[in-house]
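Each protein sequence line maps, in turn, to chains U and V.
For the first sequence, our numbering assigns the number 27 to the initial residue and increments by one for each residue that follows.
For the second sequence, our numbering assigns the number 45 to the initial residue and increments by one for each residue that follows.
Simulated from the structure, these hints should not be mistaken for lab results.
Take these hints with a grain of salt, some might be off.
[Stated by the list, open to error] In silico DSSO-like pairs for lysine-lysine, Cα to Cα no more than 27 Å straight-line:
1) U:334 - V:47
2) U:343 - U:441
3) U:363 - V:136
4) V:165 - U:380
5) V:136 - U:654
6) V:47 - U:326
7) V:158 - U:326
8) U:368 - V:136
9) U:619 - V:136
10) V:158 - U:380
11) V:164 - U:380
12) V:136 - U:380
13) V:67 - U:326
14) U:618 - V:47
15) V:47 - U:306
16) U:556 - U:598
17) U:619 - V:112
18) V:165 - U:505
19) U:62 - U:78
20) U:343 - V:112
21) U:300 - U:380
22) V:112 - U:618
23) U:288 - U:776
24) V:136 - U:300
[To be verified] Example chain V residues on the side facing chain U (calculated, C-beta under 10 Å, incomplete):
25) 88
26) 98
27) 102
28) 103
29) 148
Don't be surprised by glycine CBs; every beta carbon is placed ideally from N, CA and C.
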Amino acid sequence: MFIMLICGVTLSLAFVGLYYYDVQQFNTEVQQRLEKTRVVLVKNLVTLLAEKPNATELPLNLLGSDTQITAAAVYSAEGKLLASYIRPNTTEIFPLPQRGSGLLTNESSVVWTTLRDGNRTLGKLYLKAELTQADMERFSNLLRGFIIVFLAAALLAVAVTYRLQRHITQPITELAQVSARVQREGNYGIRVQTVASGEVGSLIAAFNAMLENIQTNTGRLEEARIAAVQTREKIYQANEQLAEANRTLEKRVEDRTRLLAKAGQDAAEASQAKTMFLAKMSHELRTPLNAILGYGEILKEDASDEGKTQTIADLDKILNGARHLLGLINDVLDISKIEAGKMEIYLETFELQKIITDVAATVTPLVAKKGNQLFIECPTDIGGMHTDATKLRQILLNLLSNSSKFTEAGQITLKITRLSGPVDDLIQFAILDTGIGMTPEQIARLFTAFTQADASTANRYGGTGLGLAISKQFAQIMKGDITVESAPGVGTTFTLSLPANIQLKPSAIMNHTGQSLTRSPFAGQLSQKKILIIDDDREVRKILSELLGLSGYATSEAASGQSGLTLAAQLKPDLILLDIMMPQMDGWTVLKKLQSAPELAAIPVIVLSALSDTDLALSLGAVSVLRKPADAARLTTEIAAQLNPLARCYVLQVDDDADAREIVARMLEREGWQYYAAVNGHAALRLLKKDLPVAILLDLKMAGMNGFELLDLLRKNPAWAAIPVVIISALDITQEMGDYLVPRTLAILKKGNFTNDQLRHLLRPAIQACALAQN
Amino acid sequence: MPKILLIEDNEMNRDMLSRRLAKRGYAVTVAVDGEQGLALVGSTAPDLILMDMSLPLMDGWAATRLLKAAPATAQIPIIALTAHAMDSDREKALTAGCDDFDTKPVELERLLGKIDALLKKHPPQV
C-alpha cells in the first residue's frame, strides 16, 4: 500500500511536472508567435505614429490574418483610443491603458505595449490574443495524451506494486505480524510461513532461525527452571530432614548425656557402696573377734590369778584360733581393698630404727618357737623415711614370719641398707633365712594371691596365701618392690626395696615452661611484698620460696594450718599461698578461719593444691585456685595481679557451673583480660567489696544467692549499679523475666547460643575505658 | 587409785575393758554415749578419759573438742579408741585434741603403756 502510494505520488509528481513543462513550452510557443506579431505591429505603429501622432488610420486590420489575435487597440500618449480592431464574432470591451503584461489564461492573454520613439511616448498598444483552434486542439491532444499515458503508467505502477507486494511487502508484513504475535503470545513456535527469495528470503530465513534458536533456548531455560524448582524442593526437604535429624541428635545427645550422668552417678554410688561395705565388713567382722579375744584374755588373767594352768592352756588355744582368724580377716579385707582400688597410702616421717625394733620385738616369740635365731643388721645412721609406716611394718612382719615359718632351727637375718641415688635414697630390707627354700616354679607362683607353694604347704604351714600378695602390693603402692632369691634346701632371701622418701617430685609441684616469670610489680621498692606459704610439704615450700624470691617477693613459710594462721596474724602478709591437703588442720579450715578474722580476711589467698574443688575454695573466700603442678609463669602472674588491684580491670564471672565458666574464661584469657569467678551471689559480693569489676557476667540459676537476687542488691548500691551486667544463662527467658532484666542489664545471652565475638564486643568498651582510666 | 572414765557404747567392749582395767588397779567409771560422758566428767573428775570415737548422737571427736575447749576439763588427757584402722583417723583424733590414740581390738599392755605415759604427764589431782 505504501509503495503504491509512493509510486502514485512519484508518478503524479512526474507527470504533473512533465505536463507543466509541456504547457509551459506551449505557452512559450504561443507567446513567441504573439511576440512576433506584436513586434512587427509595434514597429509599424511606431513608424506611423512617429510621423503622425494620434493617427487613426492604423493598419490593425492586418491582424486579421493572425487568427490568435482577438482584439487590438492603440491609445495615444494621452490615453485616447486611436484605432481598434476586433476579430469578427468577438465581443470586446477595451480597457483603459495600464501597464503590465499578461498571462495566457484559458482563452486569452492581454499584452500592453508602450509605443516609444526614442524618448517620446507615442502611445500604448493593447493586444489581446487567444489560443487558436489549432492550439486548442493541440492543447486537448496534449492533455489527452498525458492522461492516457498517466493512466497507463498508473496501471503499470499498480501492477508493479502488486508484484512488489507479493515479494517484499507481504513477507515483511508477515514478519512484522509474526513478531507481534510472538511477543504477544510468547509462543516461539510460530514461524514466518511465506517463502521468498533474495534478500527478503534471507531475512525470513534468518528470522525463522532466530525464532528456532529462541524456542530452543526457552525450552532449555524452562527445563532448567523446572530442575531448579525441583532442586529447591529437594534442598528444602533435605533441610527439613537435617533439622529433624538435628533435633533427634540433640535429643539423643541429651538422652546419652543423661545416661552417662546416671552411669557416672551409678559408678560413684557403686564405688561409695564398696567403700562402705569394706568399712562395715571390717567393723562387723572384727567386733565378734574382739569379744572373743577380749573375754578370752580376761578369763586367762582370772585363771592365771587362780593358778589354773590347764584352763590357761585351753584358753590360749581359743585365743590363738581367734587371733589367727583375725589375721585371716585382715588379709582378706586388705586384698579386697587393694583390688577395689581403695587401699590408701598414708605418709609420715619416722625413724627406721624404731620400726625395726618394734618389728623385731613382735616376731621374736614366733622366731623362737621354731628354734630360729633372729639377727638384725641395721647401721646406726640408717636415718629415717617418709613413707607409709604401717604398711612397712606389715610387710616386714609378713616376710619375717614367713621366713620363720619355713625355717627350723635356723637363722633369720634382717639386713637394712641405705643406697643413695641421684634423686632419692633407696632403703633395702633383706630378710635372709636358712630355711627350706623354693624351686623356680614355686618362686613363679609366689606372689599370686590365694596360692601357696603347694597344697600341702597350707596344711602344714597355715596361712591364707594372701600375705605375700598383699606385701608385694603394698611395696608397689609405696613405689618400691619385693624380689626373692632362693635355692631349695639352702634358704631364701626376700628383698624389700623402698624409696626413702615418697613425695611429690619438684616437677610435680611447679611447671617451668620456659616462659618468663612475672616479677613483682613492687620489686625494688622500699616495701617489698610479703607472701606467706602454707604447705606441709617441705619441698613445695622450698621451691615456692625460691620462685617467689626470684620474682622479687619476701616469703615466709608455715608447715601447718595452725602455724600458718599464727604467722599470718603476726606478719600480716600481702598474700597467702595455701595448700589444702595438710594434716591436723586442712586448708578449708584455714580459709574459714582467715575469713572469720577481720584483720586477716582482706589478705588475698591463692589456693595451690592438687585438689580440684575450685568452687569450694572460691566460696570459702579464696581469690584464686591453681592446680598443682602449677605453671610457674601463671602463678607469678596471678600473684602480681592479686597484689596490684589498681591495675585490675577485671571481669567478674558469677556462675556455679565450672564448665560454663571455663568456656568464657578461655575467651577472656585469649583477650588478655583479667577475670575472677564467684560461684554465687554471696561470693560475688565478697569480691565486689574488695574491688569493683568493669563488668559482671551473671548466671541466673545458682544455689545460695541467685542472679536475680544479686542483681537487686547491685542496684541498691550506686557504685555497683553502674557496673554493666551481661546475663549468661541457660534458662528460657520469659516475657516477665525479660521485662525485669532488660532495663537492668547490658545484654542477655543464652548459654551455648552466643559467639565469643558477641561477648567480646559487649565487654571491650568497658575494659578499654577502665584501662584508659588507669593510665 | 587413778580414776579413768571409759566412754564406750559397745556393751562387750565396755565390760571387757573396764574389768581388765579394774583388775590393774584403776577406778573405772563408764558412760554409754558422749552426753553421759560429759556429764560424768563433771561429776567424777576423772584423771584420764578413754573415748571411743564412734559413739551415737555425739561422736567422740565432738565430745573431745568440747572437753578440750572447756578450761575445767581441758587438761584431762584423752585417749581415743577406734576400730577404724585407717591412719587418717589418728590425725583426726589428734586434730580434735586427743592426747593419744589406740586401735581396737585393744592390746591391753599397749594401752596400759599409753595410759601410764599420759598419767605421768598429767598427774592425777589429789
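Outcome of the hint check:
In summary, the hint linking residue 334 of chain U to residue 47 of chain V is not supported, as the alpha carbons are separated by about 31 Å, beyond the 27 Å threshold. With a C-alpha separation of about 33 Å, the suggested pairing of residue 343 of chain U with residue 441 of chain U is violated against the 27 Å cut-off. Taken as a hint, the residue 363 of chain U and residue 136 of chain V pair is honoured in the structure, with Cα atoms around 21 Å apart against an allowance of 27 Å. Between residue 165 of chain V and residue 380 of chain U the CA atoms are separated by roughly 22 Å; this keeps the pair inside 27 Å, and the hint holds.
Taking the CA atoms of residue 136 of chain V and residue 654 of chain U, the gap is near 24 Å; set against the 27 Å cutoff, the hint holds. Between residue 47 of chain V and residue 326 of chain U, the direct Cα distance comes to roughly 25 Å. Compliance with the 27 Å bound is thereby established for this hinted pair. Distance check on the hinted pair: residue 158 of chain V and residue 326 of chain U sit about 22 Å apart at the alpha-carbon level, within 27 Å; holds. Note on residue 368 of chain U and residue 136 of chain V: the hinted pairing holds, with a Cα-Cα distance of about 19 Å set against a maximum of 27 Å.
Distance restraint check for residue 619 of chain U and residue 136 of chain V: the Cα-Cα separation of roughly 18 Å lies within the 27 Å cut-off, and the hinted pair is therefore satisfied. Simply put, residue 158 of chain V and residue 380 of chain U have alpha-carbon atoms about 17 Å apart, close enough for the 27 Å limit, and the pair holds. Only pairs whose Cα atoms come within 27 Å are accepted, and residue 164 of chain V paired with residue 380 of chain U is accepted, the gap being roughly 22 Å. Straight-line distance between C-alpha atoms of residue 136 of chain V and residue 380 of chain U comes to about 23 Å, which keeps the hinted pair within the 27 Å bound.
Annotation: proposed proximity of residue 67 of chain V to residue 326 of chain U holds, straight-line Cα distance about 13 Å (limit 27 Å). At roughly 38 Å between alpha-carbon atoms, residue 618 of chain U and residue 47 of chain V are farther apart than 27 Å, so this suggested pair is violated. Of the pairs offered as hints, the one joining residue 47 of chain V and residue 306 of chain U is violated, with about 33 Å between alpha carbons and a cut-off of 27 Å exceeded. Distance check on the hinted pair: residue 556 of chain U and residue 598 of chain U sit about 8 Å apart at the alpha-carbon level, within 27 Å; holds.
Between residue 619 of chain U and residue 112 of chain V the CA atoms are separated by roughly 19 Å; this keeps the pair inside 27 Å, and the hint holds. Annotation: proposed proximity of residue 165 of chain V to residue 505 of chain U is violated, straight-line Cα distance about 39 Å (limit 27 Å). A C-alpha spacing of about 24 Å is found between residue 62 of chain U and residue 78 of chain U, which places the hinted pair at or below 27 Å, so the restraint holds. Taking the CA atoms of residue 343 of chain U and residue 112 of chain V, the gap is about 43 Å. The hint is violated against a cut of 27 Å.
Between the alpha carbons of residue 300 of chain U and residue 380 of chain U the distance comes to roughly 35 Å, so the proposed pair goes past 27 Å and is violated. A C-alpha spacing of about 21 Å is found between residue 112 of chain V and residue 618 of chain U, which places the hinted pair at or below 27 Å, so the restraint holds. Of the pairs offered as hints, the one joining residue 288 of chain U and residue 776 of chain U holds, with about 26 Å between alpha carbons and a cut-off of 27 Å not exceeded. Restraint check: the Cα-Cα separation between residue 136 of chain V and residue 300 of chain U comes to about 23 Å, which is no more than 27 Å; the hinted pair holds.
Among the interface hints, the one on residue 88 of chain V is violated; its C-beta lies about 24 Å from the nearest C-beta in chain U, farther than the 10 Å criterion. Given the 10 Å rule on beta carbons, the hint for residue 98 of chain V holds: about 8 Å separates it from the nearest Cβ of chain U. About 19 Å separates the beta-carbon of residue 102 of chain V from the nearest beta-carbon of chain U, more than 10 Å, and the hint is not met. Annotation: residue 103 of chain V was flagged as interfacial toward chain U, and the flag is violated, the nearest CB pair being 15 Å apart, outside 10 Å.
The interface hint given for residue 148 of chain V is met, as the beta carbon of that residue sits about 6 Å from the closest beta carbon of chain U, less than 10 Å.
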